[in-house]
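*Asks:* Sequence lines, in order, name chains A, B and C.
Start counting the first sequence at 189; every next residue gets the next number (this note's numbering).
Start counting the second sequence at 189; every next residue gets the next number (this note's numbering).
Start counting the third sequence at 189; every next residue gets the next number (this note's numbering).
Hints are computed from structural coordinates only; laboratory data are not their basis.
It cannot be assumed that every hint is accurate.
No distinction is drawn between identical chains; accordingly, a pair holds when it is met within one copy or between any pair of copies.
[As the list claims (entries may be wrong)] Derived DSSO-like pairs: lysine-lysine, alpha-carbon spacing no greater than 30 Å straight-line:
(1) K272 <-> K305
(2) K267 <-> K305
(3) K272 <-> K284
(4) K197 <-> K298
(5) K267 <-> K204
(6) K320 <-> K197
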Amino acid sequence: MSDPALEEKIAALEKKVADLESRVPEDRVTLVVFSGELDRVLAAFVIATGAAAMGQQVSMFFTFWGINSVRRRTLYSGKRLTEKMMAFMAPGSSRKLPVSQMNYFGIGAKMLRGMMKNNNVASLEDLMALGKELGIRMIACTMSRDVMGIRDAELFEGMDAGGVGAFLGDALRSRVTLFI
Amino acid sequence: MSDPALEEKIAALEKKVADLESRVPEDRVTLVVFSGELDRVLAAFVIATGAAAMGQQVSMFFTFWGINSVRRRTLYSGKRLTEKMMAFMAPGSSRKLPVSQMNYFGIGAKMLRGMMKNNNVASLEDLMALGKELGIRMIACTMSRDVMGIRDAELFEGMDAGGVGAFLGDALRSRVTLFI
Amino acid sequence: MSDPALEEKIAALEKKVADLESRVPEDRVTLVVFSGELDRVLAAFVIATGAAAMGQQVSMFFTFWGINSVRRRTLYSGKRLTEKMMAFMAPGSSRKLPVSQMNYFGIGAKMLRGMMKNNNVASLEDLMALGKELGIRMIACTMSRDVMGIRDAELFEGMDAGGVGAFLGDALRSRVTLFI
Numbered sequence: 189m190s191d192p193a194l195e196e197k198i199a200a201l202e203k204k205v206a207d208l209e210s211r212v213p214e215d216r217v218t219l220v221v222f223s224g225e226l227d228r229v230l231a232a233f234v235i236a237t238g239a240a241a242m243g244q245q246v247s248m249f250f251t252f253w254g255i256n257s258v259r260r261r262t263l264y265s266g267k268r269l270t271e272k273m274m275a276f277m278a279p280g281s282s283r284k285l286p287v288s289q290m291n292y293f294g295i296g297a298k299m300l301r302g303m304m305k306n307n308n309v310a311s312l313e314d315l316m317a318l319g320k321e322l323g324i325r326m327i328a329c330t331m332s333r334d335v336m337g338i339r340d341a342e343l344f345e346g347m348d349a350g351g352v353g354a355f356l357g358d359a360l361r362s363r364v365t366l367f368i
Numbered sequence: 189m190s191d192p193a194l195e196e197k198i199a200a201l202e203k204k205v206a207d208l209e210s211r212v213p214e215d216r217v218t219l220v221v222f223s224g225e226l227d228r229v230l231a232a233f234v235i236a237t238g239a240a241a242m243g244q245q246v247s248m249f250f251t252f253w254g255i256n257s258v259r260r261r262t263l264y265s266g267k268r269l270t271e272k273m274m275a276f277m278a279p280g281s282s283r284k285l286p287v288s289q290m291n292y293f294g295i296g297a298k299m300l301r302g303m304m305k306n307n308n309v310a311s312l313e314d315l316m317a318l319g320k321e322l323g324i325r326m327i328a329c330t331m332s333r334d335v336m337g338i339r340d341a342e343l344f345e346g347m348d349a350g351g352v353g354a355f356l357g358d359a360l361r362s363r364v365t366l367f368i
Numbered sequence: 189m190s191d192p193a194l195e196e197k198i199a200a201l202e203k204k205v206a207d208l209e210s211r212v213p214e215d216r217v218t219l220v221v222f223s224g225e226l227d228r229v230l231a232a233f234v235i236a237t238g239a240a241a242m243g244q245q246v247s248m249f250f251t252f253w254g255i256n257s258v259r260r261r262t263l264y265s266g267k268r269l270t271e272k273m274m275a276f277m278a279p280g281s282s283r284k285l286p287v288s289q290m291n292y293f294g295i296g297a298k299m300l301r302g303m304m305k306n307n308n309v310a311s312l313e314d315l316m317a318l319g320k321e322l323g324i325r326m327i328a329c330t331m332s333r334d335v336m337g338i339r340d341a342e343l344f345e346g347m348d349a350g351g352v353g354a355f356l357g358d359a360l361r362s363r364v365t366l367f368i
């Protein structure tokens, strides 16, 4: 015969455990890539590919200047004047990103890339390709895209678009969320 | 009759579950706003108001240059010379924050605000008012305030003041903590 | 006599609780110090020492420009030309770090240090010594070290070296992870 007091305790525990299971972080890492500088974007992709290789589900949200790192071309036609100006001033691809310190009109970025190559460190473009292979989800921030007048055709293929709700949906259940 | 072995197991589980409940993250998001640039402060308030709208308890800690985003006026009398210099050089309100890239003596900030308006995106000041309505807790870092000689009367009304202990008290039980 | 149905439920709960225990964050805080600016490095050490004082196990990963904050001297011999250039341009110790805003060739950094002293706020070097006493683990990013050609003899004594795997190993089980 079962004991009603014990059964009650077990039922209460089951409820609490189910609640805990819904609140404990998943195997998930979420990054906001706000910066559009080679050094910071590199750090983001090193962490993202490392986490994906360790079995984490990785989402990268590209917003503000970070969008410049996932451009594949620049379009001008049909844009407002300010949007054209932004497009003209922004780096047209990851290969043209400046570094955040000692850039000296691009010499710093070239130097960093050269030093990485000398040490057989993967380039940003290698890491991006690796990230795609590892199933990293890349999301363009819809608000940034709209404000800067960027078209999906200007961004990497296979990118999703999402707003702050999509970002928080992933971040709130992540072990690690970083703003880079 | 109850079974002592089972009762013991249940008691052990209850203890473990209570411990887990104290360690699992709460529905809480904590942001450090270290930067005083329009684009970064905007990102902070987009995330903060988004999280509050999704039912998270949100705390924003304004420190270093971030304090400039929550100023309502600048006072000079009774300050040391260095404090006066800081006050003079700092943007006197959120409307005067520069952007982190392509600022060009304020043209970049104006352009960003114009582009946001063209796309019907809420302004920083709208987001700040929304944050207040949504019950976001805004805390001025006491150390930054003291070091820069900023008075509470220079900051938004209704702000709390707190140190690193207050920040960590919130951060350690948050689902997401970002340094912006 | 025990009840097999109850025993089964308890066994299932024990399994779930053990799984939760492995997934809930530890009392741990992990920081990436990417920036090499006095104000940001200060913020990192204020948070790190605060967290350690509150009983958290703290790890700080110094990468890219952040490495400049944990240098104790600069060596030139045996380095490649680009590595020598980097070494020459980088601040040779924490005392030479610039501030991220209003640096004016070092005046800003001196002014910030003076204002901190006036308010009896611990200097960066005090916080670093405190961090060591509190058992904060400091790790130099191996990739940054290799790319910039920095030798261990140029860095603080007692530092560990580690890559993105070491960082994520700590970060994934932390309550708070920040990218500074």
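*Asks:* Hint by hint, note whether the structure agrees.
*Replies:* Do the hints match the structure? See the list:
| no. | hint | result |
| --- | --- | --- |
| 1 | K272 <-> K305 | between (34 Å within a copy, 17 Å between copies) |
| 2 | K267 <-> K305 | between (38 Å within a copy, 16 Å between copies) |
| 3 | K272 <-> K284 | both (18 Å within a copy, 25 Å between copies) |
| 4 | K197 <-> K298 | neither (65 Å within a copy, 62 Å between copies) |
| 5 | K267 <-> K204 | neither (54 Å within a copy, 55 Å between copies) |
| 6 | K320 <-> K197 | neither (48 Å within a copy, 42 Å between copies) |
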